[in-house]
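There are 2 protein chains.
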Amino acid sequence: MGGAKIITPMRAITFTDELRVTQSQPKPDPRETESLVRVRLAGICNTDIEITKGYMGFRGVLGHEFVGTAESGPFAGKRVVGEINAACGHCVMCLSGNRTHCLNRTVLGIHDRNGAMADYLSLPHENLHPVPDSVSDQQAVFTEPLAAALEILEGVHIRPSERVVVVGDGKLGQLVAQVIALVGADLTVVGRHAQKLALVQRRGINTCLEGDAARLRGADVVVDCAGSAGGFALAAQLVRARGRVVLKSTIQGAHTVSLTPLAVNEVTLIGSRCGPFPAALRLLERGAVDVESLVSEVYPLHSGVAAFARAQAPGVMKVLLDAGYNADS
Amino acid sequence: MGGAKIITPMRAITFTDELRVTQSQPKPDPRETESLVRVRLAGICNTDIEITKGYMGFRGVLGHEFVGTAESGPFAGKRVVGEINAACGHCVMCLSGNRTHCLNRTVLGIHDRNGAMADYLSLPHENLHPVPDSVSDQQAVFTEPLAAALEILEGVHIRPSERVVVVGDGKLGQLVAQVIALVGADLTVVGRHAQKLALVQRRGINTCLEGDAARLRGADVVVDCAGSAGGFALAAQLVRARGRVVLKSTIQGAHTVSLTPLAVNEVTLIGSRCGPFPAALRLLERGAVDVESLVSEVYPLHSGVAAFARAQAPGVMKVLLDAGYNADS
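Chains as they are written, first to last, in this note's numbering: chain A, 1 to 329; chain B, 330 to 658.
Derived from the structure by calculation, the hints contain no laboratory data. Remember, predicted model here, so these are calculated numbers, not experimental data. Just so you know, even glycine gets a beta-carbon here, dropped at the ideal spot from N, CA and C. A couple of the hints might just be wrong.
So these bits of chain B aren't anywhere near chain A, every CB distance computed over 10 Å [stated by the list, open to error]: (1) P338; (2) T343; (3) E455; (4) D541; (5) A543; (6) R569; (7) P590; (8) M646.
For each label pair, taking beta carbons as the anchor points, the in silico distance ranges come out as [stated by the list, open to error]: (9) B:E483 x A:A229: 23 to 33 Å; (10) B:H419 x A:N104: 54 to 64 Å; (11) A:A229 x B:D346: 43 to 53 Å; (12) A:C91 x B:D462: 49 to 59 Å; (13) B:L424 x A:G211: 29 to 39 Å; (14) B:H631 x A:N206: 54 to 64 Å; (15) B:G547 x A:D112: 16 to 26 Å; (16) B:G386 x A:G211: 18 to 28 Å; (17) A:G287 x B:G386: 46 to 56 Å; (18) B:G426 x A:H193: 36 to 46 Å.
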C-alpha cells in the first residue's frame with residue numbers, strides 16, 4: 001500500500017467540553033498487538049456520567065461496556081467482550097501480576113484510549129474474550145460490570161454465614177447484590193427507590209429503605225455502591241467493629257467524612273475496581289445471574305445524547321446503545 | 330462496716346468544661362471484680378489532648394497510659410499496667426473474642442470511666458498485667474502506646490521485604506516506626522520536624538521531610554500516625570495500587586478527602602486502635618524497643634495544666650506525670 005494513511009470516519013459519542021454525537025470520528029487504526037472490534041452494543045455506566053462531570057479529566061470517545069465482533073486478530077469473526085485496561089506488560093505492577101493497575105495503562109473510554117460508544121474500537125488481543133453462543137448480546141454487554149461486581153469476592157472473603165449490606169439500589173448495586181447472594185450470605189440491599197428495591201426483592205434478597213437503615217447496624221460486610229458521598233458515611237455507620245467496608249463508588253470530588261470511626265472500630269476498608277472477565281462469562285453462561293431484566297431501554301447510537309439524559313432519569317436502570325450492526329445483514 | 334460510705338478525696342486532672350487539677354476527686358471505690366491501683370506515672374497522649382478539644386465528649390479524670398501499684402485484687406503489692414477497655418463479657422463482641430470492641434465497654438479516661446491522671450484508679454482485675462522487675466516505671470508507662478503500635482502487626486501482615494512509610498514523627502509515629510523496623514521492613518518515616526526525625530535516624534531508620542515525600546510513592550504499606558487530616562491524604566498518595574494504609578490517627582471532627590483513589594487503586598485501609606499488652610511487655614523486657622529516650626519531661630501531678638501545655642509545644646515528645654508515690658518511702 002504505502003503512502004499517506006486514509007482516515008475513515010465513523011460515528012461516535014464523544015465528550016470534550018460537552019457530550020455530542022459525531023459522524024467524523026476517525027476509525028481506530030489498531031497496532032499489530034491490537035484487534036479491531038465492530039461494536040454491537042455498548043452500555044452507559046455511572047462512570048461515563050461522572051466523566052461528563054469532569055471525572056478523570058477524560059476527553060474522547062466514551063464507553064467501556066460493550067459486546068462486539070472482532071474484525072481482526074485471533075478472534076476475527078467472533079463475538080467478543082473486552083477488558084478495559086490496556087497494560088504495558090513491563091512495569092512493576094504488570095510484572096507483579098497486577099495488570100489492571102499497570103502504571104502506564106490506558107483505559108477504554110476512561111483514560112487515554114477512545115471507548116466503545118462508536119462503530120469501532122481497538123483493544124489489545126489479550127484483552128478480548130470470546131462470548132459463548134448461549135450468551136446473548138444483551139447479556140454479554142454486562143460482562144464488564146458483572147466482573148467489577150465479582151472483584152468484591154476477589155478482594156474480600158465473604159462467608160456464607162455473614163450478614164452483608166449493599167448500600168445502593170442502582171445498576172451496580174443490583175449486580176453486586178446478585179453476586180453476593182450467590183455465596184449464601186444473609187444479604188440486605190439499602191436504597192432510596194422502592195421501584196428499584198422491588199427488582200431486588202424479586203430475587204429473594206432483603207431490602208430496606210435508607211431511612212430505616214439503622215436497624216441494619218452491626219453488619220459483617222457493607223458494600224458501598226451508592227455512587228454518592230453519603231454512601232460511604234452510611235456504610236461506616238452500619239458496619240460492625242472489625243468488619244469490612246468495600247468501596248465500589250468512584251465519584252468526582254471530595255467527601256467530607258470523619259475517618260476516625262474506622263480507626264476506633266478497627267474497620268477494614270477495601271477499594272475495588274475492575275474484575276475477572278472469565279468468571280463473569282461463566283456466570284452468564286450458567287444463567288446464575290439475571291442481567292437482562294436490568295435493561296431499561298435501548299437507543300440507537302446516533303441518539304446518544306438523549307440516551308445519556310435518560311440514563312440519569314429517576315427509576316431508570318441500564319441504558320444500552322445499539323450501533324445497528326447485525327452480523328447476519 | 331455498714332452505714333454511709335466515707336468518700337476519701339484524692340488529687341486528679343479532670344476535664345469538664347476546662348482542664349484543671351483538683352484535690353477533691355473521690356477516690357475510686359472498686360467493685361469486687363476490680364482492683365484499686367495507686368498510680369506511679371501517667372503519660373499524656375494525643376488522645377488526651379483531643380479530648381480537651383471535645384473528642385469523644387468525655388468528662389472526668391483524664392489519662393489512660395499508666396504504671397501503678399495494685400493495692401487490692403490478685404496483683405496486690407505488685408507493679409501493674411492496665412488495658413484500658415473494661416468489657417462486659419457477655420455481648421456479641423465479647424463472646425466473639427473482640428473484648429476491646431465490647432458494645433458496653435467503658436474506657437479508662439476516654440469513655441465513662443475515670444482515668445489514670447490521679448492518685449488512684451480502678452480497673453477490672455483481668456485488665457491488669459504485672460510489670461517485670463527489669464522494666465522501669467518510665468519504660469512501663471509506655472506499655473499502652475507500644476501495644477497500640479503492635480496492633481498494626483496484629484491487623485496487617487507486614488513482610489520483611491516490603492517498603493513501608495510511616496507518616497508522622499510524633500510520639501505514636503516514633504513507637505510505630507520502632508515496631509515496624511523490628512520485622513526488617515524497608516522503612517521511612519515522614520515528618521515535619523527535623524529534630525524529631527533525628528531521633529528516628531539514630532535508630533537506623535530512614536527519614537524524609539514532608540515536602541520531599543513524593544519520592545516515596547509506591548509504598549507497599551503506609552501507616553498514618555500524623556494525627557491530622559492531612560496525614561490520611563498523604564498516605565493515600567504514597568501507597569501503591571493494591572497496597573495497604575493503616576489508619577492510627579484518631580482526630581476530632583471531619584476530614585475533607587476524596588476516597589475515590591482508594592477504589593480506583595484498590596487500596597485496603599485498615600483501622601487500628603488498642604493492642605496486645607503481653608507482647609508490648611515482652612518487647613520492653615527484651616530491650617527491643619527504646620522508649621525512655623522519648624520522654625521529654627516529667628511533671629508532678631499537681632502541675633497537670635502546665636504539663637498539658639508543654640505536651641503541645643513544638644519539639645516536645647512524651648510528657649509524664651509523676652503522682653509522687655514511691656513504694657519504698
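Comparing the hints with the structure gives:
no.: 1; hint: P338; result: 33 Å, holds
no.: 2; hint: T343; result: 23 Å, holds
no.: 3; hint: E455; result: 19 Å, holds
no.: 4; hint: D541; result: 21 Å, holds
no.: 5; hint: A543; result: 15 Å, holds
no.: 6; hint: R569; result: 8 Å, violated
no.: 7; hint: P590; result: 8 Å, violated
no.: 8; hint: M646; result: 21 Å, holds
no.: 9; hint: B:E483 x A:A229: 23 to 33 Å; result: 31 Å, holds
no.: 10; hint: B:H419 x A:N104: 54 to 64 Å; result: 55 Å, holds
no.: 11; hint: A:A229 x B:D346: 43 to 53 Å; result: 34 Å, violated
no.: 12; hint: A:C91 x B:D462: 49 to 59 Å; result: 55 Å, holds
no.: 13; hint: B:L424 x A:G211: 29 to 39 Å; result: 31 Å, holds
no.: 14; hint: B:H631 x A:N206: 54 to 64 Å; result: 59 Å, holds
no.: 15; hint: B:G547 x A:D112: 16 to 26 Å; result: 20 Å, holds
no.: 16; hint: B:G386 x A:G211: 18 to 28 Å; result: 26 Å, holds
no.: 17; hint: A:G287 x B:G386: 46 to 56 Å; result: 53 Å, holds
no.: 18; hint: B:G426 x A:H193: 36 to 46 Å; result: 39 Å, holds
Hint violations for this structure: numbers 6, 7, 11, all remaining hints satisfied.
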